[in-house]
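Numbering follows the numbering used here, with no gaps: position 7 of the first sequence is 9.
The set of hints was computed from the structure by calculation and includes no laboratory data.
Ideal Cβ positions, reconstructed from N, Cα and C, are used throughout, including at glycine.
Take the hints with a grain of salt, since some may be wrong.
[Unchecked claim] Subject to a maximum C-alpha distance of 20 Å in a straight line, what follows is the list of computed DMTMM-like cross-link-like pairs (lysine to aspartate or glutamate): (1) K518 x D436; (2) K457 x D426; (3) K101 x D204.
[Claimed, not checked] Distance windows between CB atoms, simulated: (4) H382 x Q470: 26 to 34 Å; (5) E506 x S294: 39 to 47 Å; (6) N288 x R132: 51 to 59 Å; (7) N315 x S294: 17 to 25 Å; (8) S310 x D462: 50 to 58 Å; (9) A144 x E69: 44 to 52 Å; (10) R233 x A384: 53 to 61 Å; (11) A467 x N315: 35 to 43 Å.
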Amino acid sequence: MLESFAPTMAPRVRFAPSPTGFLHVGSARTFIFNWLYARHNKGTMILRLDDTDVGRNTQASVDSIFEGLKWLNLGWDEEYKQSERIDLHRKTAWAIFEKGLAYRDFTPAHTGEAEKSGAQGTWLFNPGAREISPAESDRRAAAGEPFALRFRVPHEGDQAVRFTDAVYGEQAKLAADIEDFALLRSDGMPTYHLASCADDADLRISHIIRGQDHLSNTFKHVLIFEAAGSRPPQFAHLPLLVAPDGTKLSKRRHGPVVSVTTYRDAGFLSEAFINFLCLLGWSPKNDRENMSVQELTEAFSLEGINRSNAVVNFKESTVAAEATPPNVAIPSEVRESDFAALGFAAPEDTFDPKALWLNAEHIRALPVEELSARLLPIVHAAGFQVTEDKMLRITPLIRERIKLLRDVLTAADFFFVDQLPPYDPAELIPQKGDAAMARRVLEKGREVLANVEFKHDPLDQALRAAAQELGVKAGQMFQPIRVAVCGRKNAPPLFETLEVLGRETTLKRIEQALQKIA
RNA sequence: GGCGCUAUCGUCUAGGGGUUAGGACGGAAGAUUCUCAAUCUUCAAACACGGGUUCGAUUCCCGUUAGCGCUACCA
């Protein structure tokens, strides 16, 4: 082959969402795989808005897509809008018509959904439409009669349309089984198939990496490319992302967990989210799982993509499915905080456990300064006043205790507030102890902590010595103090915590605890 | 209905004519520890079913079943 002597060209790939809904996780994964392929091969990443369906496009969808992509923070090299390229699409369609490979169909468009489900057998073309003579076709068109332009699929004989998919291998389908699909609608607007192929050819797309739901459409696309005189690009179809019940992801059925911004708002790190999505339908084949974007880029290849659908294992919120009337659309700006109101479970148990684990891993891998900087705005947004410096000292204490960035709010709350929220005084009572012991421990603690230096080692020594003096175990000494200063039993290590809290706050909270059990 | 695609632990996956079918998440148990978390150790858990081919199939072929996709003048 001649091509084999030519230097291999840098690939050009595209992500082509249609703005008819928010950016969902499946689309995000398609974007990521395209991006990874482009970067791995030093190619070009193109973003193209496939907005030819004017009736269903919304600005809100466009915004949602950009919002989601912006969070992913991967970027792209070129950007196009299909709606600005309609002349090209029409030109392509009429060129195909001129070659005799398309014809005008004056049959009125199917109106209802009636035909869809009841369709028995295969519909290939509208009766009579193919046979209209060129002269009559021209005459009726000139008379202003509306028509759709259809591709004249060669149904006679047993010729097959073929292509090789990088993931699914050799594909062939009898042309006789392919219907005469539309190129131009009766309003003159291009259909998805035509616009997509015309643009792919014009933008010199070398690899089309997209969802498997397009696998059977690809036969039509090959027909269009060939009719337009272009060589079809390399195709690579991705297995679909499905819900735990096996059905495709849908916001109405599955709630906000399918929207990219939900992950962002819940406190996912975009790099963890990307990592998670990459592991769905692709494998580096060396048992690596926790990977940075850099590592993913290096490891990515089309060969690692597998063929069966992958389940995003979030918790099915059946309550919501039943409680939410099916005809009530959930607004796209639904936030994690509204989950409960809508009947969805709390975020920590709705997300795929693996996504949560990866996020925790990525959080721990972040340098303290960076994690702290990411946490700060969340804390501020929640209405707490914390200095950058204090946050920097809190961060190491919670970074192994949070799975989502937002967990900072529950893991470190006692550092932020002046007055601890009310807690059960019974919590102050240590293991195998009683209220009297709790009181003795707190009184001793108050005495010791009034003088000791508020640094880890001196605190450690002083409190342990105090425990010995009182004849209680170290744990019995620490627990009442921990609850007194944190308001709960489960908290970061005591000495580090006291160090950050400082003497004044510590003593004040011990005093309050003492009053609680008085 | 037609056409296409898919089938390994609960989930994501590795593997491949002969393996104790590997890893990870999640689960269970234990160790460690001032609680929680993290960490470490251990355990349970899978080749959808039926036919071939073969000395031998989870792996190759066919069928069945199931799931998914397409079957629009949606994308």
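Quick rundown of the hints versus the structure:
1. K518 x D436: 14 Å, holds
2. K457 x D426: 29 Å, violated
3. K101 x D204: The given pair, whose Cα atoms are some 19 Å apart, holds under the 20 Å limit.
4. H382 x Q470: 26 to 34 Å: 43 Å, violated
5. E506 x S294: 39 to 47 Å: 42 Å, holds
6. N288 x R132: 51 to 59 Å: 54 Å, holds
7. N315 x S294: 17 to 25 Å: Check passed, 23 Å falls within 17 to 25 Å.
8. S310 x D462: 50 to 58 Å: 54 Å, holds
9. A144 x E69: 44 to 52 Å: 47 Å, holds
10. R233 x A384: 53 to 61 Å: This hint holds: roughly 56 Å between Cβ atoms.
11. A467 x N315: 35 to 43 Å: About 50 Å separates the Cβ atoms of A467 and N315, which means 35 to 43 Å is violated.
This entry does not satisfy hints 2, 4, 11, going by the numbered hints stated previously.
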